[in-house]
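Visitor: Here's the letter readout for the chains.
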Amino acid sequence: DIVLTQTPLSSPVTLGQPASISCRSSQSLVHSDGNTYLSWFQQRPGQPPRFLIYRISTRFSGAPDRFSGSGAGADFTLKIDRVEAEDVGVYYCMQATQFPFTFGPGTKVDIK
Amino acid sequence: QVQLVQSGTEVKKPGASVKVSCQASGYIFNEYYISWVRQAPGQGLEWMGWINPSSGATKYAQKFQGRITMTRDTSMTTAYMELTSLRPDDTAVFYCARDDRSGCDYWGQGTLVTVSS
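First to last, the sequence lines map onto chains A and B.
Numbering of the first sequence is given in the working numbering, commencing with residue 1208 and proceeding in unit increments.
Numbering of the second sequence is given in the working numbering, commencing with residue 7 and proceeding in unit increments.
The set of hints was computed from the structure by calculation and includes no laboratory data.
No residue lacks a Cβ here, since even glycine has one placed at the ideal position from N, Cα and C.
Hints may contain errors.
As the list claims (entries may be wrong) - Derived list of chain A stretches under chain B, where covered just means 3 residues or more per stretch with a C-beta under 8 Å from a C-beta of chain B:
1) 1224-1233
2) 1302-1316
To be verified - A short list of chain A residues far from chain B (calculated; beta carbon distances all over 10 Å):
3) 1220
4) 1250
5) 1272
6) 1282
7) 1291
8) 1293
9) 1295
10) 1297
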């Protein structure tokens, strides 16, 4: 199975400051169809995950534009330009290139 | 608007089975896979498998093979996930999500399944 490693696992941030989460895969996530099926989710306490970014960098409808995704191959990053209070939660990367699909362990973002 | 509405909380004894439903609305049911994801208390997300509502074809994570069955009723636009031989460590919130491989874009509210004697 593909293992996704996220760093950091915890990220205390100051409101208005940027935050960055790394997601590294145990192998390339480039699919034979040429796409890279790496997505990002936000999960607030007590809620289901919320879809933010798909195929590395495409923002899902309704996701704030302060969220951006980048990367290639096996190395990916989620950035939050200026953290707001509502961004507190756990962020997960997920790969859907190879079965079984797998998630990273999650990165907890909270306010300093 | 796209909505996935799941069945309610379940309490089961070890060895029992549970069947969770996920009713979809607001889109053409047959055009998107339904993935099922498990989240144990205080833990991360775990993909269990998915079903193609159009064909009924399924793909399960090896970890659940032999214990899991995903089905669908297209007339009811509802997907189901049945897990058998439940153990206490199966206690979790189970989510369904609409999936087109690019990602799980809409999620159900989650169903808590508690396994306890």
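Visitor: Each of the hints needs a verdict: does it hold here or not?
Guide: Hint-by-hint comparison with the structure:
Under the rule that three or more residues need a Cβ within less than 8 Å of chain B, the assignment of the segment 1224-1233 of chain A is violated, with 0 such residues. Only residues whose C-beta sits within less than 8 Å of a C-beta in chain B count toward coverage, and the segment 1302-1316 of chain A has 9 of them, enough to reach three; the restraint holds. The claim that residue 1220 of chain A lies off the interface holds: its Cβ sits roughly 20 Å from the closest Cβ of chain B, which is beyond the 10 Å cut-off. Interface exclusion of residue 1250 of chain A from chain B breaks down, the closest Cβ pair being 8 Å apart, not more than 10 Å.
Every CB of chain B is more than 10 Å from the CB of residue 1272 of chain A (nearest about 18 Å), matching its label as outside the interface. With 10 Å as the threshold on Cβ separation, the claim that residue 1282 of chain A sits away from chain B holds: the shortest Cβ distance comes to roughly 19 Å. Annotated as non-interface, residue 1291 of chain A keeps its C-beta farther than 10 Å from every C-beta of chain B; the closest such distance is 22 Å. With a minimum CB-CB distance of about 18 Å to chain B, residue 1293 of chain A clears the 10 Å threshold, and the non-interface call stands.
Look at residue 1295 of chain A: its CB is around 17 Å from the nearest CB on chain B, clear of 10 Å, so calling it non-interface holds up. The beta carbon of residue 1297 of chain A sits about 8 Å from the closest Cβ of chain B, which is not more than 10 Å, so the claim that it is off the interface is violated.
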